[in-house]
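Chemist: Each chain is listed here by its residues.
Protein chains: 2
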Amino acid sequence: MNKTNHTEERTILPEPTIRRLPWYLSYVRMLDNMNIEYVSSTQISNELNVQSSQIAKDLSYLNIRGKTRIGYEVHSLVKELENFLGFNRQHDAVVIGTGSLGTALMQDHGLVNYGLNIVAGFDVRGEVIGQTVDGVPVYDISELEAWQREHGVSIAILTVPVERAQDVADLAIASGMTALWNFTPYRIKAPEDVVIANTSIYAHLAIIYNRMHNTIIDTNKQQ
Amino acid sequence: MNKTNHTEERTILPEPTIRRLPWYLSYVRMLDNMNIEYVSSTQISNELNVQSSQIAKDLSYLNIRGKTRIGYEVHSLVKELENFLGFNRQHDAVVIGTGSLGTALMQDHGLVNYGLNIVAGFDVRGEVIGQTVDGVPVYDISELEAWQREHGVSIAILTVPVERAQDVADLAIASGMTALWNFTPYRIKAPEDVVIANTSIYAHLAIIYNRMHNTIIDTNKQQ
Chain A
50 MNKTNHTEER TILPEPTIRR LPWYLSYVRM LDNMNIEYVS STQISNELNV QSSQIAKDLS
110 YLNIRGKTRI GYEVHSLVKE LENFLGFNRQ HDAVVIGTGS LGTALMQDHG LVNYGLNIVA
170 GFDVRGEVIG QTVDGVPVYD ISELEAWQRE HGVSIAILTV PVERAQDVAD LAIASGMTAL
230 WNFTPYRIKA PEDVVIANTS IYAHLAIIYN RMHNTIIDTN KQQ
Chain B
50 MNKTNHTEER TILPEPTIRR LPWYLSYVRM LDNMNIEYVS STQISNELNV QSSQIAKDLS
110 YLNIRGKTRI GYEVHSLVKE LENFLGFNRQ HDAVVIGTGS LGTALMQDHG LVNYGLNIVA
170 GFDVRGEVIG QTVDGVPVYD ISELEAWQRE HGVSIAILTV PVERAQDVAD LAIASGMTAL
230 WNFTPYRIKA PEDVVIANTS IYAHLAIIYN RMHNTIIDTN KQQ
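If you're matching them up, the sequences are chains A and B in order. In terms of the numbering used here, the first sequence opens at residue 50 and continues consecutively. In terms of the numbering used here, the second sequence opens at residue 50 and continues consecutively.
No wet-lab data here; the hints were simulated from the structure. Beta carbons: idealized from backbone N, C-alpha and C, even for Gly. Take these hints with a grain of salt, some might be off.
For each label pair, taking beta carbons as the anchor points, the in silico distance ranges come out as [stated by the list, open to error]: (1) Asn166/A to Asp242/B: 36 to 46 Å; (2) Pro240/A to Thr91/B: 20 to 30 Å; (3) Arg174/B to Ile85/A: 46 to 56 Å; (4) Arg114/B to Arg138/A: 44 to 54 Å; (5) Tyr110/B to Ser102/A: 28 to 38 Å; (6) Thr117/B to Ser102/A: 44 to 54 Å; (7) Ala195/B to Gly175/A: 40 to 50 Å; (8) Lys116/B to Pro65/A: 53 to 63 Å; (9) Asp242/B to Arg118/A: 30 to 40 Å; (10) Thr91/B to Ala195/A: 54 to 64 Å; (11) Ala105/B to Pro65/A: 47 to 57 Å; (12) Ile85/A to Ala223/B: 21 to 31 Å.
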């Protein structure tokens, strides 16, 4: 029932590498749009402030080799990165909590370029249930389990108020979802085999405030 | 002219500590709302899956002491955390790029609870310039420098298309902004004294996809 299953073997990457690969991708996508044919790791290094030995190491996980003196073929590198990162495959997801952030994600057409296809929203508020956001239907959260039995989506995006985070996560997991993208500042507890990615924008604010009033920055820790 | 300057001394914290403190805050805020008076580091530990020795260490940066056998006074801990993290002070910011994500941030009333006050938006699109989003005016990006001379805001939130990220960052910095909250997947180059926080939601997608197809998770690396 899972529409996003794949049969190919995939590599477990160190998380810092996974964080850097999308930087390389957005840079080489730009070069590709400018019809630039080749790029060296030195160029990527100068542009992105990452050591070129690190770039070579990160890219060694991919099925691509640079040519001596010329570098990587830009278009192939874009395709390889997209493929490797899973951005060229469709991953269906639901948004739970269709407030301002949830709605923004449902309207963000950029996400499709990163392989994310939001197919439904869920909420508790009567005024939004039965409506659509950018063509995507919003259902009553009480329908989640039944809906999920039919659709078998793997990814739940949690954009609920913080005090609902754990309940909604439990419900999503009980419904068979295996990956939670948590936008609340709450640290969700989940079984080991559930993937959780925390995107707590508020934690980043704390970092900004702390660094602003000191101006000592550890750029290696940026993220 | 900077409306968010403070005179107090502040401590440079390790970034992992700054990332955990907002977790503690959202948890103890919930307890406070439930009128619970005391919480121990063991309780916080069980709830948030962080070792209690780590919690005690993180909280030792704050001006608060737990009582033996009773723990921390919840309401005081909320206030101390808010104060320490800067969430109880107003930090003015502008949003550059009022697309779906920028607009969502302008409409997110939750940010005020974390000390962020968005006072203006900037864009290049004629149809949004001169409009307001939730009462906040949107100006032409060409007016940024002049506007900034008058208002002296420190924080610029970058929600522009990726290919505009560096240009807009350069403009914000030239205008005197000292902290950039970068939501684009582009790795911005900036002088050392400019604070940059990268909230690249796309990088988190790559992590989800990679982990989903493997289900080996390093929970220490969650974030």
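Chemist: State for each hint whether it applies.
Modeler: Going through the hints against the structure:
no., hint, verdict
1, Asn166/A to Asp242/B: 36 to 46 Å, "holds (41 Å)"
2, Pro240/A to Thr91/B: 20 to 30 Å, "holds (22 Å)"
3, Arg174/B to Ile85/A: 46 to 56 Å, "violated (28 Å)"
4, Arg114/B to Arg138/A: 44 to 54 Å, "holds (52 Å)"
5, Tyr110/B to Ser102/A: 28 to 38 Å, "holds (35 Å)"
6, Thr117/B to Ser102/A: 44 to 54 Å, "holds (51 Å)"
7, Ala195/B to Gly175/A: 40 to 50 Å, "holds (46 Å)"
8, Lys116/B to Pro65/A: 53 to 63 Å, "violated (40 Å)"
9, Asp242/B to Arg118/A: 30 to 40 Å, "holds (37 Å)"
10, Thr91/B to Ala195/A: 54 to 64 Å, "violated (39 Å)"
11, Ala105/B to Pro65/A: 47 to 57 Å, "violated (28 Å)"
12, Ile85/A to Ala223/B: 21 to 31 Å, "holds (27 Å)"
Of the numbered hints listed earlier, those contradicted by the structure are 3, 8, 10 and 11.
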